[in-house]
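Protein sequence lines correspond, in order, to chains C and Z.
Position in the first sequence (from 1) plus 3 gives the number in our numbering.
Position in the second sequence (from 1) plus 3 gives the number in our numbering.
Check the hints yourself; a few may be wrong.
If chains are identical, the list can't say which one is meant, so a pair holds when it fits in one copy or spans any two.
Below, a list of computed lysine to any residue pairs in the SDA-like style, where the Cα atoms sit at most 20 Å apart [as the list claims (entries may be wrong)]:
#1 156 to 123
#2 209 to 105
#3 156 to 264
#4 94 to 84
#5 209 to 103
#6 156 to 220
#7 198 to 140
Please keep in mind that the hints were generated in silico from the structure rather than gathered at the bench.
Letter by letter, the chains look like this.
Protein chains: 2
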Amino acid sequence: MSPETAEPRSAGYPQALLSPAELEARLQQIGRERYHSRHPFHRLLHGGRLNRGQVQAWVLNRYYYQSRIPLKDATLLSRCDDLALRREWRKRIEEHDGWPAADGRPANEGGIERWLVLAEAVGLDRDYVVSTEGLLPATRFAVEAYIRFVREKSLLEAVASSLTELFAPKIHEERIAGLLEHYPFANERTIAYFKRRLSEAPEDVKFGLAYVTREARTREQQEQVLAAVRFKTDVLWAQLDALHHAYVEPAQVPPGAFVPVGPQEWQGMGSGGG
Amino acid sequence: MSPETAEPRSAGYPQALLSPAELEARLQQIGRERYHSRHPFHRLLHGGRLNRGQVQAWVLNRYYYQSRIPLKDATLLSRCDDLALRREWRKRIEEHDGWPAADGRPANEGGIERWLVLAEAVGLDRDYVVSTEGLLPATRFAVEAYIRFVREKSLLEAVASSLTELFAPKIHEERIAGLLEHYPFANERTIAYFKRRLSEAPEDVKFGLAYVTREARTREQQEQVLAAVRFKTDVLWAQLDALHHAYVEPAQVPPGAFVPVGPQEWQGMGSGGG
Numbered sequence: 004m005s006p007e008t009a010e011p012r013s014a015g016y017p018q019a020l021l022s023p024a025e026l027e028a029r030l031q032q033i034g035r036e037r038y039h040s041r042h043p044f045h046r047l048l049h050g051g052r053l054n055r056g057q058v059q060a061w062v063l064n065r066y067y068y069q070s071r072i073p074l075k076d077a078t079l080l081s082r083c084d085d086l087a088l089r090r091e092w093r094k095r096i097e098e099h100d101g102w103p104a105a106d107g108r109p110a111n112e113g114g115i116e117r118w119l120v121l122a123e124a125v126g127l128d129r130d131y132v133v134s135t136e137g138l139l140p141a142t143r144f145a146v147e148a149y150i151r152f153v154r155e156k157s158l159l160e161a162v163a164s165s166l167t168e169l170f171a172p173k174i175h176e177e178r179i180a181g182l183l184e185h186y187p188f189a190n191e192r193t194i195a196y197f198k199r200r201l202s203e204a205p206e207d208v209k210f211g212l213a214y215v216t217r218e219a220r221t222r223e224q225q226e227q228v229l230a231a232v233r234f235k236t237d238v239l240w241a242q243l244d245a246l247h248h249a250y251v252e253p254a255q256v257p258p259g260a261f262v263p264v265g266p267q268e269w270q271g272m273g274s275g276g277g
Numbered sequence: 004m005s006p007e008t009a010e011p012r013s014a015g016y017p018q019a020l021l022s023p024a025e026l027e028a029r030l031q032q033i034g035r036e037r038y039h040s041r042h043p044f045h046r047l048l049h050g051g052r053l054n055r056g057q058v059q060a061w062v063l064n065r066y067y068y069q070s071r072i073p074l075k076d077a078t079l080l081s082r083c084d085d086l087a088l089r090r091e092w093r094k095r096i097e098e099h100d101g102w103p104a105a106d107g108r109p110a111n112e113g114g115i116e117r118w119l120v121l122a123e124a125v126g127l128d129r130d131y132v133v134s135t136e137g138l139l140p141a142t143r144f145a146v147e148a149y150i151r152f153v154r155e156k157s158l159l160e161a162v163a164s165s166l167t168e169l170f171a172p173k174i175h176e177e178r179i180a181g182l183l184e185h186y187p188f189a190n191e192r193t194i195a196y197f198k199r200r201l202s203e204a205p206e207d208v209k210f211g212l213a214y215v216t217r218e219a220r221t222r223e224q225q226e227q228v229l230a231a232v233r234f235k236t237d238v239l240w241a242q243l244d245a246l247h248h249a250y251v252e253p254a255q256v257p258p259g260a261f262v263p264v265g266p267q268e269w270q271g272m273g274s275g276g277g
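This is chain C alone, in the form it adopts within the complex (with noise of 0.2 Å):
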């Protein structure tokens, strides 16, 4: 096709606007180029060669990312007067929080305290991690910087940024195998809440898909998704960077942060959670 005869639109300039096939490839895309699946330090997790302190700090500081989930939540939620937006949102809320048994509907206990149950099994006391002591600075600020784009961008962007869940699943399966395989404290009670996500995360990503597909009207807007996808994977990295940097190499805690104490061999621990 000549450059006189060509279409913009199918010729992939610039400013057309992408498919939503092509979209959902350029979010993949994201994925496989920038998704926290490939850092070196979710590879020594799931092939069992984190010692236990090492395990810890990473059950420790993700505990903050999991449990300031649900108030990006209702950032997103607070800044939303689309009524069947909210309500679809707010079952993200409900499944990190947990709900009790009422008119018939059994209790969910909820992704934080499914959280808690795996930091007690690797070691840690349940109120040292809920202080949110001896956190990473870095981790805060990753997960501080999520809120904040919540609240601050549009909301296609607050929705997209939710878009890495895509990409979770993967995940999810290689930690469960991996994490059963390699390490004593791992069980179907310790590793709960990565079961649940297998379930929930397709179903959230489902509906995040079709709003940013249906609300992204410009190549502007689409570009705008893609860069909140990218913006997201870079606030999962930090926080594995700032992990291994502090517990792996060079092993360098800064001042303040979670040192571990104990023996680090998995062998002495018996069968932890269990």
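Position chain Z against the provided structure of chain C, taking the given hints into account.
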């Protein structure tokens, strides 16, 4: 008791901590002096002395308040790192936004939908109401001030500002009786919003009152609680002042705001929301 032997707390010195009973008594006093049940517009409404356009204006403007309550409550959630408080507070969003039937729990259309049923019953177009076109600017300003208060003040003050619910059951009872007696649009279906609030509000306020009684640990904090409730009564009162000015006396509708059309007598309307 002489000044020398007086115990500052029981003597009611400015800085003495109030007992729970004293704190609640002060709250009730604010209700008696400042709650919008005393406003002339409500007396006209409940006494059957408002015409069709005046009731429409009330329903239209009050919709904005109702519809922003979930955003206000999500704002509170978004700054609350206490999971137990979030779980409790989320109920308010659920009640207003509703939920679908799931896991054996029956659906709830939600308070906003119930309000829209009322809006249609008084002859308003649902889409026009939802668009918030025709709103009195003072309604918007008052509601925005409430949300800003919940975002910017302390969490204690944000919770406290909900405590006007202490006074709500009485006004809802008056309203239910008054509407049913005087207006052809009023029936079980169209006033379902108020009926439901009769059972919801006491549960909500019981939690809120226990929270502020427990968390206000200094007299200064107790005074902040009282000031928050006074602020909230201002938010409610200002909305009725604006309605009264625009639609009752002197009946000067601001530029761009809703202007009633058609017959204003109820007699010609039939049974309204039927």
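- [ ] Could you tell me which of the numbered hints above are not met by this structure, giving the numbers in increasing order?
- [x] 1, 3, 7
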